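From first to last, the protein sequence lines are chains A and B.
Numbers 1 to 438, taken from this note's numbering, label the letters of the first sequence in order.
Numbers 1 to 99, taken from this note's numbering, label the letters of the second sequence in order.
For the record, the hints were derived by calculation from the structure and aren't laboratory data.
Treat the hints with care, as some may be off.
[To be verified] Example chain B residues on the side facing chain A (calculated, C-beta under 7 Å, incomplete):
(1) Ala17
(2) Ser30
(3) Glu33
(4) Asp40
(5) Arg41
(6) Ser49
(7) Ala50
[To be verified] In silico contact screen, one side only, chain B against chain A (beta carbon under 8 Å); selected entries:
(8) Asp21
(9) Leu36
(10) Ile37
(11) Asp45
(12) Pro48
(13) Tyr76
All values reported here derive from a predicted model rather than from experimental measurement.
Where a beta carbon is used, it is the ideal one built from N, C-alpha and C, also for glycine.
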Amino acid sequence: MYGETGAAMRAEFAALLRQHRVQQRLVGTTAEEREELGGLIRTYRQSVLAWLGEAMRAASPLAFSNMPPAQPNPFRSVGVSSAHLTAAGELARALDLARQQSTARPASTDELATPSANPMADRWRLAARAAALAEHDTSEQVSAQMTAPQAQALVGDVAALTQALVVLDQRYKNTPGWEPLAQSARLGWASLAAALDVNLGQPDYAVDHLGWRPKTKVITGSARPGILGVLQAQHNLVIRMKSAPNATNLRLVVDSQRLVSAHLAPYAARIDERLAGRWAERAETYYVVQKQLREIGGLLGKGGLAVAEGANAVARLKALPHDTIVEPRVLSGFQLLFKRLDNRIADIIEDGIEQGAFFKRVTLPRIVGGGGELVHPVRERFVPVTSATDLEVVRTARERLRPKDEVPMSTPGPTRVDLHSALIHRPTRGGAVDVPNI
Amino acid sequence: MLLPHAQTLAQARSYLAALADQASTIDASSAYERALIELDRIHGDECPSADTEGLTEDRAILLAVATSALEELEQYGVDPLTVELVIAMLDDAYALDGT
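Pulled out of the complex, with its shape left as it was, chain A reads as follows (with noise of 0.2 Å):
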């Protein structure tokens, strides 16, 4: 997740921007121990600037100029015809130079993976990786999920550590062997300018939910003692429901979760009636689903193994003893959980009924059964092709089953702030916490 680089990032930065005298830190009596040391930041150096690069090109689709385009009218002069030229533009510009005119080679695995003895050398290692991670997170089938806003925001990211990149080029420039960065002061102003035309919009910090995430994976192994293990096979149904079941497995998940939800209410109901009030609510939802799948037919799909889990659900559920007390943690995970499902349910019955999948059984207008006659005229011999929308069954799925687009509260989070002090942070005079004695 870019939440995760992302803060990393910004932690280890806003650390080393905390860091003054920086030449005593640099352990070492010879220049040549310090030059090497010098070296080495600026391969992680390199890493970065790599990554802010990558991340400028994955935001430049979406980050728009707020600049109003040129009037068609010519006796108005609002708005400018060079509205392309965009601040972010400009700053992904910059960052593509300074990675260019830098004779330092990007950090290699190696050199990632291996703690260094010098803590501030460190910072700037853990700083690379977490750059060499990200670049999983704002890959181009990432930045192809990204809104306008969720740009602006990660374009605000990039043009603060850029900041943070020049200021800390600035305080280590005795470094025996140092580059600087190319066009230093360009750069700064570039990414300044970034930052303040992405706030002139609203940034979207929701940003942080995206990215690569660890695959999730089934819970093997024996059941877990009491919730835990009706928690265990609630998971491991999501996952199994990533192959499409056919209808009648189909039928039987819905069933299982109908079960599962009215039992499992009145535990919740102990601690937050109102998430038991959803729950029961659900229930009622899939006793409609379960209904109406009834005129729903389907060969194709499997779903075996997904019906096993739910059946794991409900029998573990009915054999938890009464007076059981269900975390709010726990409890959170099943509604997580359960959101994902219907989620899934939902796209599989209209993907089902739209592809073909699944099919209506259709009530004939009447069956003549026996009227001593050798040939019955069938009443209606065609049946109108209905679209997917008609069917009852994909109309309860859109308005009760999918869950509400609850916009996910996403904040700017403590690290951005963090590093946007340290970037203006000044050592205290006298008694300077942060720097060695002498």
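Use these hints to put chain B onto chain A, whose structure you have.
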């Protein structure tokens, strides 16, 4: 599937669906539903639609007609043992419903 078979199956499905709709508890309703799903599975999901409208609300009567419709299925080449198993599921569900 011939027409009489389809008609009997449709009746059995309708009665089971009506029982599931009118069950007193959620567990009983789910048990009836599973009997219905089992019946569909036996037929390879090749079943006519169920119609619960206008059926009686007396569960005892519904149980009797559902059982007789299921028993009638044996005449149309459905394996008698599987039919018996569905009837056993139905009886279990009814026992769950009564308590």
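Each hint, compared with the structure:
no.	hint	verdict
1	Ala17	holds (6 Å)
2	Ser30	holds (5 Å)
3	Glu33	holds (6 Å)
4	Asp40	holds (6 Å)
5	Arg41	holds (5 Å)
6	Ser49	holds (4 Å)
7	Ala50	holds (6 Å)
8	Asp21	holds (7 Å)
9	Leu36	holds (7 Å)
10	Ile37	holds (5 Å)
11	Asp45	holds (5 Å)
12	Pro48	holds (6 Å)
13	Tyr76	violated (14 Å)
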